[in-house]
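Model the full assembly from the supplied sequences, consistent with the hints where possible.
Protein chains: 2
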Amino acid sequence: MKLTILGCYAATPRTFTNPSAQVLDINNHKFLIDCGEGTQVELRRNKVKFSRIQHIFISHLHGDHCFGLVGLISTFRLLNRDTDLHIYGPKGIKEIITLQLKLSNSWTNYLLIFHELDSKEPQLLYEDDKVTVETIPLKHRIYTNGFLFREKPGPRKLLINEISRYKIDVSLYNSVKQGKDVVSEDGKLIPNHWVTAPPDPPKSYAYCSDTVYDEGIIEQLKDVSVLYHESTFLEEHLELAFPTKHSTAKQAAAIAKGANAGRLILGHFSTRYGDLNLFKTEAETVYSNVALADDGKIFNL
Amino acid sequence: MKLTILGCYAATPRTFTNPSAQVLDINNHKFLIDCGEGTQVELRRNKVKFSRIQHIFISHLHGDHCFGLVGLISTFRLLNRDTDLHIYGPKGIKEIITLQLKLSNSWTNYLLIFHELDSKEPQLLYEDDKVTVETIPLKHRIYTNGFLFREKPGPRKLLINEISRYKIDVSLYNSVKQGKDVVSEDGKLIPNHWVTAPPDPPKSYAYCSDTVYDEGIIEQLKDVSVLYHESTFLEEHLELAFPTKHSTAKQAAAIAKGANAGRLILGHFSTRYGDLNLFKTEAETVYSNVALADDGKIFNL
Numbered sequence: 002m003k004l005t006i007l008g009c010y011a012a013t014p015r016t017f018t019n020p021s022a023q024v025l026d027i028n029n030h031k032f033l034i035d036c037g038e039g040t041q042v043e044l045r046r047n048k049v050k051f052s053r054i055q056h057i058f059i060s061h062l063h064g065d066h067c068f069g070l071v072g073l074i075s076t077f078r079l080l081n082r083d084t085d086l087h088i089y090g091p092k093g094i095k096e097i098i099t100l101q102l103k104l105s106n107s108w109t110n111y112l113l114i115f116h117e118l119d120s121k122e123p124q125l126l127y128e129d130d131k132v133t134v135e136t137i138p139l140k141h142r143i144y145t146n147g148f149l150f151r152e153k154p155g156p157r158k159l160l161i162n163e164i165s166r167y168k169i170d171v172s173l174y175n176s177v178k179q180g181k182d183v184v185s186e187d188g189k190l191i192p193n194h195w196v197t198a199p200p201d202p203p204k205s206y207a208y209c210s211d212t213v214y215d216e217g218i219i220e221q222l223k224d225v226s227v228l229y230h231e232s233t234f235l236e237e238h239l240e241l242a243f244p245t246k247h248s249t250a251k252q253a254a255a256i257a258k259g260a261n262a263g264r265l266i267l268g269h270f271s272t273r274y275g276d277l278n279l280f281k282t283e284a285e286t287v288y289s290n291v292a293l294a295d296d297g298k299i300f301n302l
Numbered sequence: 002m003k004l005t006i007l008g009c010y011a012a013t014p015r016t017f018t019n020p021s022a023q024v025l026d027i028n029n030h031k032f033l034i035d036c037g038e039g040t041q042v043e044l045r046r047n048k049v050k051f052s053r054i055q056h057i058f059i060s061h062l063h064g065d066h067c068f069g070l071v072g073l074i075s076t077f078r079l080l081n082r083d084t085d086l087h088i089y090g091p092k093g094i095k096e097i098i099t100l101q102l103k104l105s106n107s108w109t110n111y112l113l114i115f116h117e118l119d120s121k122e123p124q125l126l127y128e129d130d131k132v133t134v135e136t137i138p139l140k141h142r143i144y145t146n147g148f149l150f151r152e153k154p155g156p157r158k159l160l161i162n163e164i165s166r167y168k169i170d171v172s173l174y175n176s177v178k179q180g181k182d183v184v185s186e187d188g189k190l191i192p193n194h195w196v197t198a199p200p201d202p203p204k205s206y207a208y209c210s211d212t213v214y215d216e217g218i219i220e221q222l223k224d225v226s227v228l229y230h231e232s233t234f235l236e237e238h239l240e241l242a243f244p245t246k247h248s249t250a251k252q253a254a255a256i257a258k259g260a261n262a263g264r265l266i267l268g269h270f271s272t273r274y275g276d277l278n279l280f281k282t283e284a285e286t287v288y289s290n291v292a293l294a295d296d297g298k299i300f301n302l
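Taken in sequence, the protein lines are chains A and B.
Under my numbering, read the first sequence as residues 2 to 302, first letter to last.
Under my numbering, read the second sequence as residues 2 to 302, first letter to last.
Think of the hints as simulated: they come from the structure by calculation, not from any bench.
Treat the hints with care, since some could be wrong.
When chains are identical, the list treats them as one kind, so a pair holds in a single copy or across two.
Said to hold, decoys possible - Below are the DSSO-like pairs computed for lysine-lysine, each with C-alpha atoms no more than 30 Å apart in a straight line:
1. Lys204 - Lys158
2. Lys92 - Lys140
3. Lys258 - Lys92
4. Lys103 - Lys92
5. Lys48 - Lys298
Structure follows, in structure tokens:
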């Protein structure tokens, strides 16, 4: 899994900061998560191939998370895209996009498939042989979801030395990787665990933005490998966090700790702060493995 | 008049080129003309004070001319704007904006006044004591208007030496500037033209983008001081210009020449071209006073 942060600031795009958008690479898929104004330019700047994006997940309909979507869809059209595009987002997103395409007489020449969300329970949105994506219902001023990406367990790993020692035919390797016992060329039954090691533990990534501090999400996030949790504010502005339904760095860390996350990435910073290291320091009072998002930063998870 | 080009490229925003947007300064008014994606960032980059923008003119509903509008409106709200904002644009623009404000539950705390256009005849959109703005109906793939800004004639200029020679009381200066004859302190009738010179000829600016080559607009543009005319293509791609309802540099120059424009600014360049000087060279085969728009370029008209 590789995570590219395109934008990690709250509210309004500025000359040197971008609103929310990020690309998660899993096994050749590029999942775009949120799409603030200017995301298509940040995709270019970060050399993300447009054609590789087939699934876009929009957390909620505040502008800093979705105003770049119609432009990206239009640019795909101008570039003669022909592969389908799936958009997952709150009910209403289809009307917003199609109204603009209709009034500009610029229908896409590729298939645009909307998956509108209104459930308050976690929902499985996407599944293939390698990965699942589910919603994380969040509490914000309007209907909002986070997204939880989970790799499926991979095949067992062949122990090359052992497998040649036991003379196992190459044609059987695939079933060995699936965990099956096999018979060697000289007729012996070889238990699978003699010639394989367990697969790497599957990784998972949770995107939680925007949300008020909500311990209700901890159970769903249990043992997540990497948690991106919004921290719009520092504790010194705690009195702003609750009414605007945002979190502080310390609160984000408390969620990471409660969920036993492997790592916490903080983002969605209010543009009022000059020194973002204060977010890291504050979060580290509660939980140790903290990183700061930054526009253009890549995390190899 | 001062014209700041925020973006002058066609179709899709890129790392180093912006879609259509420009600010025309006339007598302390800042008129924003078109608002492609990223315009709010370009306004910041060019240090245009947001609060001074009270009138936004949208030529048509193709994304490269309007996808930045909802973000700008939202940012005005976040900055606690309290002055009215007037938006002039094609019918449908109100629905596009209000749908997004409604679904994000982010109504503006200032007054947003839409002036929706559907006339195919020139219309007076705005008038104050210094300036008028009227539409220039254009021919494009969808309903489109250019905009013609005209200064009103200013007051006559006082000839300071003459006015003191004839001993005219300071309290009369305003009526002298209005062209009235006056009586001097020693009782003589002084004809106005003895103590004043005519005002500077009023300037005018026409924005014509996007449009196919259309001689029908020449009469309305007659003697315009500065004409910004789209030139998406060079003549070598003339076969693309007509079906997409765009113009070439040479065609833009023919309009400038026909209208006896004081100056031609070319813009709305297709991003397929590496060397924009080819546009200038091509236009200069027809008309001599040609300039190229460029993102961030300022023209003192």
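Intra/inter-copy verdict for Lys48 and Lys298 if alpha-carbon distance must be at most 30 Å: both (13 Å within a copy, 28 Å between copies)
Alpha-carbon proximity between Lys92 and Lys140, which holds within one copy, between copies, both or neither at 30 Å: Cα proximity of Lys92 and Lys140: one copy only (16 Å, versus 36 Å across).
Intra- versus inter-copy proximity for Lys92 and Lys103 (alpha-carbon distance at most 30 Å): Classified as both; 18 Å inside a copy, 12 Å across copies.
Alpha-carbon proximity context of Lys258 and Lys92, limit 30 Å: This pair counts as neither: shortest intra-copy Cα distance 32 Å, inter-copy 52 Å.
Identical-chain pair category, Lys204 with Lys158, by Cα at 30 Å: within (16 Å within a copy, 77 Å between copies)
In the structure shown, a violation is registered for the earlier hint numbered 3 alone.
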